[in-house]
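Q: Here is what each chain is made of, one letter per residue.
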Amino acid sequence: MSYEAEISREHPTCFLFVIDQSGSMDEVTEAGRSKANFVADVLNKTLYTLVTSCSKADGVRNYFDVGVIAYGGQEVTTGFGGALSEGIVHPIQAISEHTLRVEERNKKMDDGAGGIVELKTKFPIWFDPKSAGGTPMRAALSKTMQTVADWCERHPASYPPTILHVTDGQSTDGAPEEVAEGLRRLSTRDGEALLFNLHVTAGGGSEVVFPTADAELRDEYSRTLFRMSSPLPAHLARFAGDKGYSVADGSRGFIFNGDPQCIVDFFEIGTRPKLVADR
Amino acid sequence: MSSCLEQKVRLPLAFTVPKVFEDQRNEDSFHRSRKGVYALSDGASVSFDSASWARILVKRYARNPEFTHAWLAAAIAEFRKLYDRDSMPWMQQASFDRGSFASLLGVRMIDAGRLIQVFSVGDSLAVLCDGDEIKATFPLAKASEFTRSPQLLCTNPVQNAFLDKVDLNYDLVADWTFRGLEQPALLCMTDALGHWLLSHRDAEPSPISILRKVRTSDAFARFVKDERAAGRMKRDDTTLIALW
Chain A
0 MSYEAEISRE
10 HPTCFLFVID
20 QSGSMDEVTE
30 AGRSKANFVA
40 DVLNKTLYTL
50 VTSCSKADGV
60 RNYFDVGVIA
70 YGGQEVTTGF
80 GGALSEGIVH
90 PIQAISEHTL
100 RVEERNKKMD
110 DGAGGIVELK
120 TKFPIWFDPK
130 SAGGTPMRAA
140 LSKTMQTVAD
150 WCERHPASYP
160 PTILHVTDGQ
170 STDGAPEEVA
180 EGLRRLSTRD
190 GEALLFNLHV
200 TAGGGSEVVF
210 PTADAELRDE
220 YSRTLFRMSS
230 PLPAHLARFA
240 GDKGYSVADG
250 SRGFIFNGDP
260 QCIVDFFEIG
270 TRPKLVADR
Chain B
0 MSSCLEQKVR
10 LPLAFTVPKV
20 FEDQRNEDSF
30 HRSRKGVYAL
40 SDGASVSFDS
50 ASWARILVKR
60 YARNPEFTHA
70 WLAAAIAEFR
80 KLYDRDSMPW
90 MQQASFDRGS
100 FASLLGVRMI
110 DAGRLIQVFS
120 VGDSLAVLCD
130 GDEIKATFPL
140 AKASEFTRSP
150 QLLCTNPVQN
160 AFLDKVDLNY
170 DLVADWTFRG
180 LEQPALLCMT
190 DALGHWLLSH
200 RDAEPSPISI
210 LRKVRTSDAF
220 ARFVKDERAA
230 GRMKRDDTTL
240 IALW
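As given, the protein sequences belong to chains A and B, one line each in that order.
Heads up: the first sequence begins at 0 in numbering that gives the first Met the number 0, then just goes up one per residue.
Heads up: the second sequence begins at 0 in numbering that gives the first Met the number 0, then just goes up one per residue.
These aren't lab readings, by the way, just hints derived from the structure by calculation.
Just so you know, not all the hints are guaranteed correct.
What the hints assert, rightly or not - So, partial list: chain A residues that the calculated Cβ filter (under 7 Å) puts toward chain B:
{"no.": "1", "residue": "ALA56"}
{"no.": "2", "residue": "ASP109"}
{"no.": "3", "residue": "PRO123"}
Stated by the list, open to error - When the alpha-carbon atoms are kept at most 30 Å apart in a straight line, the in silico DSBU-like pairs for lysine-lysine are as follows:
{"no.": "4", "chain 1": "B", "residue 1": "LYS18", "chain 2": "A", "residue 2": "LYS55"}
{"no.": "5", "chain 1": "B", "residue 1": "LYS141", "chain 2": "A", "residue 2": "LYS242"}
{"no.": "6", "chain 1": "B", "residue 1": "LYS233", "chain 2": "A", "residue 2": "LYS242"}
{"no.": "7", "chain 1": "A", "residue 1": "LYS121", "chain 2": "A", "residue 2": "LYS55"}
{"no.": "8", "chain 1": "A", "residue 1": "LYS129", "chain 2": "A", "residue 2": "LYS119"}
{"no.": "9", "chain 1": "A", "residue 1": "LYS106", "chain 2": "B", "residue 2": "LYS80"}
To be verified - Over the 12 Å line for every Cβ pair with chain B, so calculated as not near, a few chain A residues:
{"no.": "10", "residue": "SER33"}
{"no.": "11", "residue": "GLY81"}
{"no.": "12", "residue": "ARG137"}
{"no.": "13", "residue": "ALA148"}
{"no.": "14", "residue": "CYS151"}
{"no.": "15", "residue": "GLU152"}
{"no.": "16", "residue": "GLY181"}
{"no.": "17", "residue": "GLY202"}
{"no.": "18", "residue": "GLU206"}
{"no.": "19", "residue": "ASP213"}
{"no.": "20", "residue": "ASP258"}
Source: prediction; values computed, not measured.
From the three backbone atoms N, C-alpha and C, an ideal C-beta is built for every residue, glycine too.
Just chain B, same shape as in the assembly (with noise of 0.2 Å):
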């Protein structure tokens, strides 16, 4: 087993640039708690407050990392406090009543790696590495499943069915580990970043590499702001927890 795990604290690089540089307005949200829960989340931009809704799944996921309907109830709940339904405009009801809605990627690293719990619902992407190899992404395994329409967590409880077909505690959830891994790193994106990621795994020099070598937010956003130019990435709110 490798000696890593008892010699190396792990602390998050975490880094975000909005989908347009100058307007600064993002929907991606993370969060973390002392006790190694990292959540990451992805408002979609076509919903009422998807920035609000992000914030919220993530802080509570942080605080309490067991997802079931009532969690979810509770999140719906908060989201539903920040507004006064009744004295909107009829567009602004309309769009309340539609639904915001964002991914949500969390992960429980217990016991410095030797477990790793993974969760998600939507299309934010964890990586587990083994210096520059990939060793397991989730919830997707290929770029080409990116333009699916994700399912997505909605702040109207109707878009929310597709919960009630899944096992909460099977289909949405990975456990992986640090353990036998000489280099082991974990990654979590939001989808623009895994789906380049994911475009590139056979690519020279290795996409983890690129990424490894991004330690601050101004690298992050010269990276994202290249693989745009160069067409490579798709123009979106783009976020890295990187646990190397």
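In isolation and in its complexed conformation, chain A is listed as follows (with noise of 0.2 Å):
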């Protein structure tokens, strides 16, 4: 059976983020944001919320390793800075302890009394908004597929790799399908690697979310994206249904032109392994 591993110090699983930073991520979407500041925004709270899901009061266990790539221009590196600038994939621990920087920020919670109060709450910051130059996804994702190969390798037992692409659409270094369609045949023995795409846009367009085909799709670009994106797995289909989107049999991890908080659940739905399932 596949995606059925449990994930746990000896056998983590790897989730790896994969963030377009050419040049037209510096769009700015109805919402007021440049396309690369939301995206950065979400980023960080989903690197805070795999570490919060990993640390106890003892310190933080290694369940996950965690790598970001970012592509734009010529280039395509780690998205990490400082310490984890050095190789691309790294334990949940040693992203929790190398931050760029970490902010205070004021959240408002219950107190369990019946009244809320507000608490100064420790803000991380990994990531930090880029956007320059053209598309290199074909070699992102060639870059993609050698880490996950990499990966796999050293991890046969565990819970299969999940790549999160974020991208505004067009590749600039030739056809990005066939690096995929090899990426999604990586695997361990417990399933093949996960790759969900999300299209964010300015340009308009209606909302598609977890599409089954690609006849809604209004250009090549989003078309291609739908085909590079692998079927969501049952229980990662079963959170996304919870979380009241309308998930058929074989609807694929694949958003376009989703709103904010869409954006916010890919984010969240993706990163659902089955430890952070069963709390």
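Take each chain as given, in its own frame, and dock them per the hints.
A: Laid out in structure tokens, this is it:
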């Protein structure tokens, strides 16, 4: 059976975020923020949530390996800075220890006795928005494929890697579909790697979420990204359904032109392995 | 009516083994009072400090089994006193804020079993038996129900909102009795054992007869180890309280 492996320190899983930082990501969306800025925010929040779900009173447990691959202009590099800039994938404990900075924010919380208290909360930042140059998507996916192949070889019994790819569209270094297909074929004994694609756009068009076919997609780029996306495994489809999305048999991990909440949900659903589902 | 109610003084047997035998870390907790109140809690491993939270819940329940919203608020306040939130590094603070989760299964034996009040939040299981026959289980009835994510008590009050939608004295409670049973027994167990028991309820030998033979901690550890090795029991902290 696939996607059933228990995630533990002996058998961690891997999350790879592949982020388009091309010049067009500086376009401002209807919400008044650039696509790059919004994606950076959601990525920081996702990393925060992943670390939090591995943190206990006695420290952070290495249930996850995490990497960020950023691409824009001629470059495909790690999206992390500082001590994490060597290599692509790092244990979650290392991620927790090496932030770019920690900001202090105020958060309102239930005090447990019917009231609300405002608490100062530390919020870590790993990733700042960037946007410049072309869209070397093929090279980025090739780098991802190499990273995932290495990881699967070292973790043959683990829940397979999940790749969340965020882009605003057109590859400028060749067709990415064939590379994506190779990437999806990489596997551990628990199943094939999962590639989910988020197509962010300021160009309008109706939102399409977890479709089963490409009929509603308006251009060839989004249809390509749809074909590149893995079907949602049953446990993720169930979670997406619980969040109110219409999910059918064969729904793919693909979203076109999602609203801000939809983008947040894309990251949350994609990073929802069994460990978190079971608390 | 069975004469055993008058004759038998029931001393509970209580056993627990951790998820990893070599590790010894165990997030299950159990407690009993002299007044016949038993409490069992299974701390969820993926949370900040579920072992302490489980310990607080069972001690409080054994002392005062009247579960109310105020009862829970007082338990949360006790937990929060264990830590200085503001001095924590960000990752621990975030995990502390997210909350620690645990089940709570409480049993009140009134008048030597003429009334047994079972209270449960989460997926720890109480089982009423007559000989080797299972007469009732609570709160779950089928092994397949263990695959759902259970609602657990949390140190973050936001996560306890589900309690606002239930009647604490009705939806979370079952009333049982030993009356009319020839060989009555009551078992309380955490989810790995509960799942094993309900998965094998029609098997031969019956799961109750297997558990009945377990009389020492070593025997319980051997039994759990064998069932795990055979792939019949989930690897998790595993606890049993048995009143034979």
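Q: LYS141(B) and LYS242(A): Cα distance at most 30 Å?
A: holds (26 Å)
Q: LYS233(B) and LYS242(A): Cα distance at most 30 Å?
A: holds (28 Å)
Q: Should the interface hint for ASP109(A) be scored as holding, given a Cβ-Cβ cut-off of 7 Å against chain B?
A: holds (4 Å)
Q: Is it the case that SER33(A) keeps its Cβ farther than 12 Å from each residue Cβ in chain B?
A: At about 26 Å from chain B, SER33(A) clears the 12 Å cut-off, so the statement holds.
Q: Taking the least C-beta to C-beta distance, is ALA56(A) closer than 7 Å to chain B?
A: holds (4 Å)
Q: Closest CB-CB distance from GLU152(A) to chain B, is it above 12 Å?
A: The claim stands: GLU152(A) keeps its Cβ more than 12 Å from every Cβ of chain B (closest is about 26 Å).
Q: Is GLY202(A) truly not at the interface, in the sense that its beta carbon sits beyond 12 Å from all beta carbons of chain B?
A: Non-interface label stands for GLY202(A): nearest chain B Cβ at 36 Å, farther than 12 Å.
Q: Report holds if the minimum CB distance from ARG137(A) to chain B is greater than 12 Å, and violated otherwise.
A: holds (36 Å)
Q: Mind verifying the non-interface call on GLY181(A)? Its CB should be farther than 12 Å from each CB in chain B.
A: At about 33 Å from chain B, GLY181(A) clears the 12 Å cut-off, so the statement holds.
Q: Holds or violated: LYS121(A) with LYS55(A), Cα cutoff 30 Å?
A: holds (17 Å)
Q: Given the hint that LYS129(A) pairs with LYS119(A), does the C-alpha gap stay at or below 30 Å?
A: It holds: about 28 Å lies between the C-alpha atoms, which stays within 30 Å.
Q: Closest CB-CB distance from ASP213(A) to chain B, is it above 12 Å?
A: holds (33 Å)
This entry satisfies every hint, going by the numbered hints stated previously.
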